[in-house]
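Visitor: The working numbering puts the sequence shown at residues 5 to 148.
The reader is advised that the hints may include incorrect statements.
[What the hints assert, rightly or not] Computed spacing ranges between beta-carbons, pair by pair:
| id | residue 1 | residue 2 | range |
| --- | --- | --- | --- |
| 1 | 56 | 6 | 21 to 27 Å |
| 2 | 52 | 138 | 35 to 41 Å |
| 3 | 138 | 55 | 33 to 39 Å |
Don't read these hints as lab results, they were simulated from the structure.
Just so you know, even glycine gets a beta-carbon here, dropped at the ideal spot from N, CA and C.
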Amino acid sequence: MRTFLVIIDESEEASAALRYAAAQAAGCGGAVHLLALVAQQSFSAFGGVQATIEAEARDRAEMLAHAVAGNLLAESGIMPTISVMIGSSQKVISDYLAKHPGIAALVLGAAKGNNPGPLVTHFSSAAGNLPCPLFIIPADYSTD
5 MRTFLVIIDE
15 SEEASAALRY
25 AAAQAAGCGG
35 AVHLLALVAQ
45 QSFSAFGGVQ
55 ATIEAEARDR
65 AEMLAHAVAG
75 NLLAESGIMP
85 TISVMIGSSQ
95 KVISDYLAKH
105 PGIAALVLGA
115 AKGNNPGPLV
125 THFSSAAGNL
135 PCPLFIIPAD
145 YSTD
């Protein structure tokens, strides 16, 4: 089964990437995997405070992922797999792709303007070394 990995957040470009991945998955009988990222907090002398901040950020990311999954299921009939991970976005995604050879494509949304975003910039420069194709979807992409 072809699985499309989509990095989700509350941005317009993430929504566009999700629309594209859902359409592709529906067309080939594939699946969608949502990956929500939580930035690791910088070291704090107050470890309990740092842990609380990370836990709250993880909870927000999980709520977002489940809301997106529910919407995707209602709109397309596809129930995605969800992962929430803490760490540097680029490293987490690279490690995830290396550990999951079943991922058929990494689907990223590009922001409007001259700066497509840090993930698009990073992964497009390393596209030749990725274990799967990279799809970059414009923020205003529509399946209509």
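Visitor: Hint by hint, where does the structure go against what was stated? Just the numbers, ascending.
Guide: Number 1 only.
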